[in-house]
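Working from the sequences, and respecting the hints, build out all of it.
Going down the list, the sequences are from chains A and B.
In terms of the numbering used here, the first sequence opens at residue 94 and continues consecutively.
In terms of the numbering used here, the second sequence opens at residue 1156 and continues consecutively.
Worth flagging that the hints you see were computed from the coordinates, not collected in a lab.
Quick caveat: nothing in here was measured; it's all calculated off a predicted structure.
Each hint should be verified, as a subset may be incorrect.
[As the list claims (entries may be wrong)] To spell it out: a stretch of chain A is covered by chain B in this simulated footprint if at least three of its residues, at any positions, have a beta carbon under 8 Å from a beta carbon of chain B; those stretches are: (1) 158-169; (2) 174-180.
[As the list claims (entries may be wrong)] Here are the simulated distance ranges between beta carbons: (3) B:Val1193 - A:Gly344: 52 to 62 Å; (4) B:Arg1373 - A:Val171: 32 to 42 Å; (5) A:Asp155 - B:Arg1373: 31 to 41 Å; (6) B:Phe1275 - A:Arg212: 32 to 42 Å; (7) A:Glu220 - B:Phe1275: 39 to 49 Å; (8) A:Pro136 - B:Trp1360: 33 to 43 Å; (9) B:Ile1432 - A:Ala285: 51 to 61 Å; (10) B:Ala1192 - A:Glu220: 54 to 64 Å; (11) B:Phe1276 - A:Arg212: 38 to 48 Å; (12) A:Ala267 - B:Phe1275: 32 to 42 Å.
Glycine residues also receive a C-beta, built at the ideal position from the N, C-alpha and C atoms.
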Amino acid sequence: MTGDAPAQRLEVRGLRKVFGPKVVLDGIDLSVAEHEVVAVIGPSGCGKSTLLRCIDLLERIDGGSIWLSGEAVTGVGVNANDVRKRIGIVFQAFNLFPHLTVLDNVTLAPRRVHGQPKRVAEDQAREVLDRLGLGDKVTDYPDRLSGGQQQRAAIARALVTGPELLLLDEVTSALDPELVGEVLAVIRDLAAAGMTMVLATHEMGFARDVAHRVAFMHEGRVLEEGPPATLFAEPREERTRQFLKRVTDAGRL
Amino acid sequence: MEPAADPSAVVGGVGSGPPLPPGRVASWRAEFREEGAVGALIAFLSTIVVFGLIIWFVVHSETWPQVRDQFLNRQDFVDSFPDVLSGFWLDLKMFVVAQAVILVFALVVAVIRNLRGPAFFPLRFLAVLYIDLFRGIPLLLVILLLGFGVPALQLDGVPTDPRFWGVTALVLSYSAYTAEVYRAGIDSVHESQRSAARALGLTQWQALRFAVLPQAVRNVIPALLNGLVSLQKDVALVSVLGIREAVREAQIYTSRTFNYTSYMAATVLFLLASVPIARFADWYTARDRRRRSQSIA
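Printed below as a string of structure tokens:
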């Protein structure tokens, strides 16, 4: 865990995670530059979600190291809360707080974690919600919203504190097909605005359009990575070819 | 003496069970909705017949005059009522104080029981020990132990007022149950809610305070109301300490006159207090269930 501090926004080195006897992440190396969008693809259970949860320090890691903006965030003496403050994550199932309005969901972290006054936090939250097309939903409770609106609210909640890195964990997988588009449009805008993102996704077409780099994961390892044009058109690895063929056959590419 | 035998069952029934069919609600209106005018008429007539028969048999039984004089004597009711009422006022005060302390203390115990991390093991252990202990001892025994036992030690600075120890016994016993009710509520909030809160940078305590507990408490309000009804009656148990609350006053009257109407006076008062709470609990639970099924649809 020594050596030069990487200049990348995110640097993952030799990350290992085991659940009991099962090795979920088996030495992951991944680096993401500032303003870069990296899509992580791979079959279900390959460890995509776990990787994102580990980067956000929501899971204890069993080996390797993670660096955020040149700073080691794993190891002794790191306050995980301080690290999570700087990273935004959006979950597949939204995980909005059902007892809070959309506005209160979005202002919770700015007020309680970042110590912003209520007025400032609310003004800022309204601005972000407006930008994501939820300006008229601020006083609604999440269960009054459609899936797409809920997921946009969850993105607003992750964005409002200006994170250095945004993690998106299969954010469209729980949505009805006709609602996927509105969420992808938001992510596309974020990418255009220069947000550094790692997204685990099953939307291959979207990964190809938006990501600067695509990493293919298989059984806890990054088998191959590269620009989407290269990886989708001429994958090196047999596993990647098989996976992409299955996806193409299913009509998802 | 058991407000909620199995808190998780209560919570599960409220949170996840299918809505009860409206026919289960005992009211003319419900019958009318279900069966129309004829149904309502049948319900009305059958009720008259059933209750008429019961009352006829009771008042025509051989022992009825004796029962009436012993339990329903107008003069004895009038004579005993003022003392019983002032005793009941004390019951209400003890109930309110005990309930307020229980709601807070039990929540603290439940939160301690849910603390994570090896450093908190001793605290968690204490919480579990407390709950096991006080759920396992009959309430009457706790009242006797504290109410007679502690003052007998004659320790300096320790209160000797039986009312203090009576309320303390109620708090200790009921908080053990109520803590388990809260715990069932905390467990009913999905782990992903805690993850989402922690991901925003909230500390363990903040995640509990702002994300988990508000949902947890809301999930168990029907079970808490149930405990309220139960405590309201069990307050009377402290009469064994000689506290002159309603039951004690009734007992004093009975021992003087050998007439039991004073007990009926106390009965009426307890019913007047507990029935509205029970109806409110039912109403709240039904409303809560409707809301949940709406938000799912």
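Hint check results:
1. 158-169: Violated - the region 158-169 of chain A has 0 residues with a Cβ nearer than 8 Å to chain B, which falls short of three.
2. 174-180: holds (count 5)
3. B:Val1193 - A:Gly344: 52 to 62 Å: Given about 58 Å between the Cβ atoms, the range holds.
4. B:Arg1373 - A:Val171: 32 to 42 Å: holds (35 Å)
5. A:Asp155 - B:Arg1373: 31 to 41 Å: holds (37 Å)
6. B:Phe1275 - A:Arg212: 32 to 42 Å: Distance hint for B:Phe1275, A:Arg212 holds at roughly 37 Å.
7. A:Glu220 - B:Phe1275: 39 to 49 Å: holds (40 Å)
8. A:Pro136 - B:Trp1360: 33 to 43 Å: Between A:Pro136 and B:Trp1360, where Cβ atoms are some 39 Å apart, the hint holds.
9. B:Ile1432 - A:Ala285: 51 to 61 Å: Given range 51 to 61 Å: holds, Cβ gap about 59 Å.
10. B:Ala1192 - A:Glu220: 54 to 64 Å: holds (59 Å)
11. B:Phe1276 - A:Arg212: 38 to 48 Å: holds (43 Å)
12. A:Ala267 - B:Phe1275: 32 to 42 Å: holds (34 Å)
The structure shown violates just one earlier hint, number 1.
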